[in-house]
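A.B. asks: The residues making up each chain are set out below.
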Amino acid sequence: MNDTYDLRIGESHIEVHKFRGGTIAAAMIVALFLQTSVPVYFPKFAVLDLPLLLTIYFGLSRRNPSTGLLLGMTIGLLQDSLSGPTVPLGLYGIAKTIVGYLASSIGARLDTEHPIARFALTIVFFGLHQGVIVVTRRLLLAQPEVWFTMRMGIGAAVNAVVGVLLFMLLDRLRKN
Amino acid sequence: MVAIPSRHKSLVLLTGVILLQVLLLAVQIKRDSQGRLIRVWTVGAVTPFERAGATGIGSIRGIWNHYFALQNTSRENERLRHENDTLKLQLNQLQSKAAEADRLAALLNFRQAHQNVPMLGARVIGTSADTASQTIYIDRGERDGIRRNMGVITPDGVVGKVIESYRDTSQVLLLTDKDSGVGALLVDSRIQSPVGGAGEPLLTMKYVPNDDNVNLGDRVVTSGMDRIFPRDLPVGTVSQIKAGNPFKQIRIRPAANLERLEEVIVLLSLQPLELKKDAGTPAAEAVGKSAPGQGKTEKP
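Chains as they are written, first to last, in my numbering: chain C, 1 to 176; chain Y, 1 to 300.
Isolated chain C, as found in the complex (with noise of 0.2 Å):
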C-alpha cells in the first residue's frame, strides 16, 4: 500500500502529456510511410527506425504503462507487417511492446523532457530493442544472429540524434 501511495505522489510532478485526437495515428501510419519509401531514394535512411521512435516517444510522454505496450505491439506488427519474409509477426512486435512498457514506466518516475535524457534514453531503448529481437531470434526462431555490429552502434547514435529533433517537433503537437 505504501508504494502505491508513494508512487501516486511521484506521479503527481509529472506531468502526463495528451495529444490532440488520431495524432498518434496520424504518425505512426506517416513513420511507417516514411520508414517504407525513403530508402528507395536515399538507401541510409534505413538506418533510422521511425517507429521505434515513435514508440520511445509517446511512451516516455503518455506514462501509462499499459497504453505504452499498447501502442508498441501495434507499431511494432504493423512494422512485422510491412517487411519482408524473414520477419515474422511478432518479431518487432515483442521487442516494441517492450520498448513501449519501459519507456512509459520510466516517464511515470522520471522527468525525460531534457534533451540529454532523452538522447541517452533512445540509446538505451535502441540497444534493448536490438537486444530483444537478437534474443528472439535465437531463442524463439533459431537463426543465427550476431549481438553487435558497427552498424548498430552507428545507428544507435544516428537515432539519438534523430530522436532529439524529432521528439521536440512532436512536443509542438501535445495539447498542454
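If you're looking for bench data, these hints aren't it; they were derived computationally from the structure. All C-beta atoms, glycine included, are put in the ideal place defined by N, C-alpha and C. Any given hint could be a false lead.
What the hints assert, rightly or not - Not everything, but these chain C residues come out facing chain Y in the computed CB check (under 8 Å):
id, residue
1, Ser37
2, Ala46
3, Val87
Stated by the list, open to error - Think about it this way: if two alpha-carbon atoms lie no more than 16 Å apart in a straight line, the pair counts; the simulated EDC-like pairs of lysine to aspartate or glutamate are:
id, chain 1, residue 1, chain 2, residue 2
4, Y, Lys88, Y, Asp156
5, Y, Lys178, C, Glu145
6, C, Lys18, C, Asp171
7, Y, Lys242, Y, Asp218
8, Y, Lys206, Y, Asp179
9, C, Lys18, C, Glu113
10, C, Lys44, Y, Glu200
11, Y, Lys242, Y, Asp211
12, C, Lys44, Y, Glu259
Since chain C is already given, all that's left is putting chain Y on it; use the hints.
C.D. replies: Chain Y only, in chain C's frame:
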C-alpha cells in the same frame, strides 16, 4: 474472479501481450508464413500512401529537376538515360548472336527465344520496413497478372522473385536477402552452384570445390535449374574468393544495382522456360536458349 491489483494490471497486460505475440511467432514457424491477413490489410492500408508518396515525390523531383535545377541539363540527362537503356538492350541483341554466355546477350537471347514470354515493367514504390530483410514493393499486382514466384529482372541482371502478390502491389524478395537464392553457373568454367544472399550487398556462391578454378571478375549467370529464371541471365561477377572447407567462399557482386532500384521487369510466367534443342555448340546453345528485346514489355 481473482482481483488484480491496479498497479500490476499493466504488468499482467505486458505478459499477456508478449505471450500472444510469441504464440503468433510459433504459429508462423509451424506453417507457411505467407499470405497472412494482417499482412494483406497492412500492405493494403500503407501502399496507397506509398503509391501517392512515390507519385508526389516523383512530381516534386520532376518540377525541381525540370524547372529549378539545371533545367535543360536535367531533361537532356533523363532523355539520354532512357536512350542509353534502349541502346543497351539493342547492343545486347547484337552481342547475343556472336558469343556464348555473354552477360547482356543472355538477356537478349532469352527474349528472342521466348517471344511469347510476357513481361511487365513495374515501378519500385517501397522497401521493407526493417533492416533485416531485403524486399521491395512494386506498383503492379494480381490485377496485372503478377503471381508469387515470378522472376524479377532489370536490363542489367537478376533482381529477385515475387514472394507476395496483392491486388495492385507485389512484394519482391531481393537476391541479397538471407532467404533468397538462384541457380547459377560460372560463365567460363560452367561450374554450377546456387547463389544466395547474406543480408549484405554481396551475394555468396556456395558449393564450389576448392579444386575448381575460379578467378576474380568471372561472370556468373543463371543456370535455369531453379525453374524460375531462364538460363544465362546475368547474376553478377566474382569479387572475392577464399579457400574454405570443403568449398570455396566466393562472394558475388550483383549485376543489377539492387540498392538503387527504381524500375524492374517482371517475367509473367510460372512455367519453366524451355530451351531450344536445335543448338549444337555451346555458343549456339546459348543463343538458342535466350534472347531479350521482345515479348510484351511495358514501361512503367
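A.B. asks: With reference to the structure, classify each hint as holding or not holding.
C.D. replies: Evaluation of the provided hints:
With its C-beta approaching chain Y no nearer than about 5 Å, serine 37 of chain C sits inside the 8 Å limit, and its interface hint holds. Here the hint on alanine 46 of chain C is kept, as its CB sits about 5 Å from the closest CB of chain Y, short of 8 Å. A least Cβ separation of about 5 Å between valine 87 of chain C and chain Y falls short of the 8 Å threshold, and the interface hint therefore holds. The hinted pair formed by lysine 88 of chain Y and aspartate 156 of chain Y meets the criterion: a straight-line CA distance of about 9 Å does not exceed 16 Å.
Proposed proximity of lysine 178 of chain Y and glutamate 145 of chain C is supported: the alpha carbons are some 12 Å apart, at most 16 Å. The hinted pair formed by lysine 18 of chain C and aspartate 171 of chain C meets the criterion: a straight-line CA distance of about 10 Å does not exceed 16 Å. Annotation: proposed proximity of lysine 242 of chain Y to aspartate 218 of chain Y holds, straight-line Cα distance about 14 Å (limit 16 Å). Taking the CA atoms of lysine 206 of chain Y and aspartate 179 of chain Y, the gap is about 14 Å. The hint holds against a cut of 16 Å.
Of the pairs offered as hints, the one joining lysine 18 of chain C and glutamate 113 of chain C holds, with about 14 Å between alpha carbons and a cut-off of 16 Å not exceeded. For the hint linking lysine 44 of chain C to glutamate 200 of chain Y, the alpha-carbon distance of about 14 Å falls within 16 Å, and the restraint holds. This hinted pair checks out: lysine 242 of chain Y and aspartate 211 of chain Y have alpha carbons roughly 12 Å apart, not beyond 16 Å. Among the hinted pairs, lysine 44 of chain C with glutamate 259 of chain Y is consistent with the structure: their alpha-carbon atoms are about 10 Å apart, no more than 16 Å.
Consistency note: the structure conflicts with none of the earlier hints.
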